[in-house]
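**Q** Protein chains in written order, with the working numbering: chain G, 4 to 478; chain F, 4 to 478; chain P, 4 to 478; chain R, 4 to 478.
By construction, these hints were calculated from the structure, which means they are not laboratory data.
Accuracy of the hints is not assured; some may be wrong.
What the hints assert, rightly or not - Dumping the calculated BS3-like pairs for lysine-lysine here, alpha-carbon to alpha-carbon at most 27 Å:
| no. | chain 1 | residue 1 | chain 2 | residue 2 |
| --- | --- | --- | --- | --- |
| 1 | F | 154 | P | 154 |
| 2 | R | 154 | G | 108 |
| 3 | G | 108 | R | 414 |
| 4 | G | 154 | R | 108 |
| 5 | P | 313 | R | 313 |
| 6 | F | 394 | F | 272 |
| 7 | R | 154 | G | 154 |
Protein chains: 4
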Amino acid sequence: MEPVSADKPRENCGIVGVFGHPEAAKIAYLSLHALQHRGQEGSGIVTADGEQVYRHVGLGLVNDVYSDPGIFDQLRGHIAIGHNRYSTTGSPSLLNTQPILVNCKSGPLALAHNGNLVNYRSLRHILERSGSIFQTTNDSEVILHIAARSKAPTVEEQILEALRVVRGAYSLVFLTTDRLIAARDPYGIRPLALGRLGNAVVVASETCAFDLIGAEYIRDIAPGEMISFDSKGERTYRIGTVPKTAHCIFEFVYFSRPDSQIFGEYVDKTRRKLGKNLALEQPANADIVISVPDSSNTAAIGYSRRTGIKYDIGLIRNHYIGRTFIQPSQKVRDFNVRVKFNPVGGVLRDRRVVVVDDSIVRGTTLRRLVQMIRRAGAREVHIRVASPPIKHPCYYGMDFPTQDELIANGKSIEEIREYLGVDSLGYLSLEGLLGAVPNEERGYCTACFSGEYPIPITEKVEKLALEKEVSIREI
Amino acid sequence: MEPVSADKPRENCGIVGVFGHPEAAKIAYLSLHALQHRGQEGSGIVTADGEQVYRHVGLGLVNDVYSDPGIFDQLRGHIAIGHNRYSTTGSPSLLNTQPILVNCKSGPLALAHNGNLVNYRSLRHILERSGSIFQTTNDSEVILHIAARSKAPTVEEQILEALRVVRGAYSLVFLTTDRLIAARDPYGIRPLALGRLGNAVVVASETCAFDLIGAEYIRDIAPGEMISFDSKGERTYRIGTVPKTAHCIFEFVYFSRPDSQIFGEYVDKTRRKLGKNLALEQPANADIVISVPDSSNTAAIGYSRRTGIKYDIGLIRNHYIGRTFIQPSQKVRDFNVRVKFNPVGGVLRDRRVVVVDDSIVRGTTLRRLVQMIRRAGAREVHIRVASPPIKHPCYYGMDFPTQDELIANGKSIEEIREYLGVDSLGYLSLEGLLGAVPNEERGYCTACFSGEYPIPITEKVEKLALEKEVSIREI
Amino acid sequence: MEPVSADKPRENCGIVGVFGHPEAAKIAYLSLHALQHRGQEGSGIVTADGEQVYRHVGLGLVNDVYSDPGIFDQLRGHIAIGHNRYSTTGSPSLLNTQPILVNCKSGPLALAHNGNLVNYRSLRHILERSGSIFQTTNDSEVILHIAARSKAPTVEEQILEALRVVRGAYSLVFLTTDRLIAARDPYGIRPLALGRLGNAVVVASETCAFDLIGAEYIRDIAPGEMISFDSKGERTYRIGTVPKTAHCIFEFVYFSRPDSQIFGEYVDKTRRKLGKNLALEQPANADIVISVPDSSNTAAIGYSRRTGIKYDIGLIRNHYIGRTFIQPSQKVRDFNVRVKFNPVGGVLRDRRVVVVDDSIVRGTTLRRLVQMIRRAGAREVHIRVASPPIKHPCYYGMDFPTQDELIANGKSIEEIREYLGVDSLGYLSLEGLLGAVPNEERGYCTACFSGEYPIPITEKVEKLALEKEVSIREI
Amino acid sequence: MEPVSADKPRENCGIVGVFGHPEAAKIAYLSLHALQHRGQEGSGIVTADGEQVYRHVGLGLVNDVYSDPGIFDQLRGHIAIGHNRYSTTGSPSLLNTQPILVNCKSGPLALAHNGNLVNYRSLRHILERSGSIFQTTNDSEVILHIAARSKAPTVEEQILEALRVVRGAYSLVFLTTDRLIAARDPYGIRPLALGRLGNAVVVASETCAFDLIGAEYIRDIAPGEMISFDSKGERTYRIGTVPKTAHCIFEFVYFSRPDSQIFGEYVDKTRRKLGKNLALEQPANADIVISVPDSSNTAAIGYSRRTGIKYDIGLIRNHYIGRTFIQPSQKVRDFNVRVKFNPVGGVLRDRRVVVVDDSIVRGTTLRRLVQMIRRAGAREVHIRVASPPIKHPCYYGMDFPTQDELIANGKSIEEIREYLGVDSLGYLSLEGLLGAVPNEERGYCTACFSGEYPIPITEKVEKLALEKEVSIREI
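Okay, chain G solo, but in the shape it has when bound:
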């Protein structure tokens, strides 16, 4: 078995919260389904009915984890939070599948987290030294420990205390026996939207979750905002303020679904602009424009429109894909790319082809894709990338390969072109990228392209470092 590598950065998760719906668990489940692209390793839901708290987590896709309808009879209550976890390298583990649920003095407290804290190691060591016991290797668990130690009288204030200590990217939902709390870091790095479904409140990483459940999108949870929902109503708290937001610009480039609205705009609309700006900056002399489906489709259409080169479907994506494939011992050439994409001979043969891709991480998959396109008869292959070269790691929740593996880290454009084996290669500039996103003046995090980190990195931050360090394996 060999894992099918997407060669794309991996997001760390999608989250959802529901308050006031008689079937909160089902609403959470459907929302997680719509957010499946943000995490495919595992999923979990915790619900509450005012008195009891119920939890179900599992490894695999949403449909696998909740395949037994009986689960929903047991996940009782009108409050729910849910989480999809992304696929790590190494064996997946139930231990780290969120929502995390613990008992503390105020009773059960559950949390689901999208993002990454940059000072959790220091905090964890401080907590451990004074006697805290950790059950996961998630950075998120420190939030619960700090809240559990707070002397503040309400759970909201206990959590606020914790959020004022941790630093990094976080969109969070908390659940207690009788309330739902949603919070977003002051930089607004990851998205978090607020919606209504009849009398119920729903929060979710992306608005596509609202579309599936028929909820209405109200607004985003503001950067630095925490809201608590209980039977008496809602109450807003302020975590802190920063001069400028730092929305993750990569959400527009690749992560979010095109049919979602994030940071105040439809993703699809921004991607079309990325394609158009790319066309202006990096035109090509070619017969057809194709995309690497599906994430680059809209950018490719934008590119086609602006250049006037015909858009066509040159690659078919296999959608029945799972995580692993069993290969013959005598390996099939290009297998890892073939299981995902098949070239359409009739479209590619004898054509000069522009391939629009949203981004390049290691370039390994794209290289094999190019070879496959050439073997299908393309006369020329021109790569156009709808974002700048990725040169720096993300410490705020994107999971890149190590910096050394980033193809643009240390290689010139010409060297990359040569590695990919294409006739020409063009990236969108950072200016072109910023020119396409909405409300650019409010501030975006472009660290993976520019190296400018909005939140200082003062300790080694590596998503799986702790997992390696802590040395526990669930079997």
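Fit chains F, P and R to the given chain G structure using the hints.
**A** Leaving out everything else, chains F, P and R in the frame of chain G:
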């Protein structure tokens, strides 16, 4: 739980055969993976190593059925046949999961079948009256019984005897302990392609299977041809001849993958022509052309090119789809269509939209899709269908709803337009369809559109009739 | 993993039939539970409600196969038959798990069989040559094929035709959509009892099944009797007659549960007599009598009573036993016997011990048991066996190891004593055995001891021969 | 489904520890197998290889939890601890399945516990108030929290600090990445034995575990002793001292296996004495003595020997028992007792029967058993109980029904006799019980009989109280 209806006809299966590969089971498995679109209810592989025969079948998608790599250690041998079964209404059953494997006087004999026999009921009754015992409710099993009763000296001649008695659509692969036999009915209704993978022979319903395993496409198994492969070589037999072939034209319209070659042409190329002919016959006054993804993508591009109306992506398809979804008791509006498609607000708002669909069966899904598109803000919705109205049942292996449920059976175009709630509706003509397919003169089956059945229907043929009649349920 | 060998002959199955109970499946399930000792590899139930037939089979113990209570909602109807299959060597297979269920001209027909046919190979070859297709490698399937080919007007007469052709040991239950049929071979080799549960009829291999479900034992199905139960009542048929019955005497020695009545007597009572006769024939000079639990308990008590030597519990049996155990690479001494039995040091130390065992097959387990007893401190070990030496294979449904492996085949008593490493060894004589069983004059099969086969063996009969020959493996 | 109630107190668990064996996990697994009678709800093993810690837990019997041999490839290392959990009422939960494993400042720390703490609620509330987060509802978890907060320099001293704070019954095994620690409360309430297997050390609740793995029994871990094993050797610590031990006398009456040595004696030997003392105190005028198998077998033999009344097997126990049974809606009479026991008609009919039982808790099962024995034809039924009436709850790890349900709590012997419907009833006196156990002068806990609690009960102690209170449910 509620099944997610595709509102498309269902194909009865994809088949594959391998001879001469040391890991025949893995090659079959990968081919079945590529043919997943032809059957998603269950899958099975039978292998042979010259002495023993090994069988593994299961319900679900290919990746589920063969998820344990240990299976391939046990599916030994250099010969394999495999089968994907389509999704029936009613509870799926292992009983009917192919390949069927029986013991008869010549030893183990296995079969996988794509198509449908039209005289199996009469044959089955004759066989039962003279003492045959049936283990499945598949039409295919009669072939094995007739072969088992033959006095002919070789298994090839025994099978030939059977194939000369049965009537209907069949692409078949058989396996014995030491040989692979492939056969196709004289009308050539369903596709069946022959390829080479090094020294091994591969046959598969569509050539996209060859692409995944890196095999080379040689030619189609000819209508009326049977070939037997064993360690001494191959040998060709002729089942019978008919004046004209009757290739299923619906394979081009919907079933086959766009990256496959069938009946001598790339499917994708034909679909683009369907879109172009549709544009000529049924132009529209609109701002954008969108497709119902993914089956109509190429036709929509063809339509866009010929009309000059811009192609855009107005619907996002959810690819993490399973067969069933758990809904809240208070149903979500448009749920069944929302779990499959989400409209892209930014693309549709205030636009006059042409929606290209490949075909309409009952129209129920399309109607809800139209409502969803309208709610997303489209100003006008114009449906263009890349095939003629479907008015007649298929007796050759497509699984339609009952004739009464076919929307075009009894409703005028205007009535359908009204039912769908669109501003205009246009179908491609039968001439337009025939004008797009390759080698039209060789003959196509257009019965679902025209009612002209190339093979006479002399008994009630209903795919599940026997299943109901025989009254056995596996639990 | 290493199979835990019982070193006892294996029975081929327990069967049950129910007619006229609204929850026939549950009654069958409970009966199979009581008959678990007759077959532990797999279990199956087929039910009928007058119109439909329902089947559920699985591998493992009864509680595993029917662990999901939902199964009983689906196994509808007032008629049921069930079957427990014994544990074969080699990988167990669903293919051969009974009841067998087929479709033939009279509709669905199911069968469960305890026993073994001695002419099934000839019959199978005849049937195959004239075109019959076999789906299992069970000897039982020939009965269905012959019945299916019969021209007789009723299913009872069709079955009778078959039963008059097959030869061997059979206790059978058949099920059609509206009737239950029970039959027993003219020699009455295997037991089959008839009971009443309110208005319902129950048949079962042993009466202990009646005790569990609260049914009343009426009588045995007579040798050569076939009874059919339908909504109009019951009807008796005669298969044939033989001068003398041939009840399997080994049912008393080992197979049947002590709390069952078979062949007209409580098993427990006969076993106590075996112990007493053994005491008379083979006294011993010892301090305590212990049994190899649990099958020899009653015989040991009988032996203790007649000799006056104190009965004690010197071996504890581990009852949480499964089929396989995972061992360390560095094997534990006596492991295979230790997982089943643990010696009680306080009882055995410094004692002269008589160990009563019901029978010896290969002697391998007993030998290791003796070593373990010695290591626990026993001063002398005397084996007393409550049946004669086993020297001949059984062709009527007991599964012995091959004749070569039978320790008494070729070894003298003294040689066996030496092999076992005991101070003395004494077997019960055939006369002593016959003197203990009820109605001895009616006739018993003692072939495994005496070599006198009541039904002539005219072809090679080996339980798994066909399985090997037919060369199909389910994975 | 209806749980099959044993109507016996339930022990809280069996534990095992291994140090210095290359396949420590397999040794732990086999030991847990031998200790299956001490806990049947779930099982878990944690191993360590000096650097990493590995954990596997599951619900069900040992063979179910470790059915996949691949588990042992992953449970690496030369150190292991294991735990079998008893069957609680209510749904079993993975959350509480031990060994508990946490991360604290000294690294991973795992624990398995047999016994019950009597001051854990107070301790837990103190810990929660100062910020500790609990992951389970086990009383055992407080030990880990107190150790985690200790400022002591070594893990041994940290654990000692905790053990000096907790009060109650505990036999414990701890595991870190490089050591095994075993400890037993100063009262020695639960057993814990130390053995050697080659160069490896093994500790286990009962010596029957040593027999299965071929280890040699060295001695018991002394009351109040803690031993730590690492690569450098072993080191002994003293937890504290008390004037007198308080061995649980019920371990001899019912819990421990007859082939184990506990508190310095073979259980089987003590049980035989119990039967003899019972014979002296409570003779009977009867024809046979039978036991309620298997736990009363030895006592019944002792009773038979001393009275001279013949011992016989009047009840057959069904050993294929699982936890639940599916019954027909129309309940079978005596079903719950029938699934466990079947009376042997031939033994009981017309006899005056003494039934020896080890103890009576609620009496419900015994009452139905008596009815069944009467219906099987017994002329008289005399119950003799090999322990005194149980009147008081256990706070040290036995799980009784509530005090109100104890039949001897509030009912006189005559009332109990009447309730049971027997001709006579006799219990062993407390003196008779104490006269049978070894080293009586060292001190036994007889609280359930006498109400004299050796450790003061200062807070409400109810095994599942916390589980109810904490209000978290895993689904």
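**Q** Evaluate each hint against the coordinates.
**A** Evaluation of the provided hints:
no.	hint	in the structure
1	F:154 <-> P:154	holds, 23 Å
2	R:154 <-> G:108	holds, 23 Å
3	G:108 <-> R:414	violated, 43 Å
4	G:154 <-> R:108	holds, 23 Å
5	P:313 <-> R:313	holds, 11 Å
6	F:394 <-> F:272	holds, 26 Å
7	R:154 <-> G:154	holds, 23 Å
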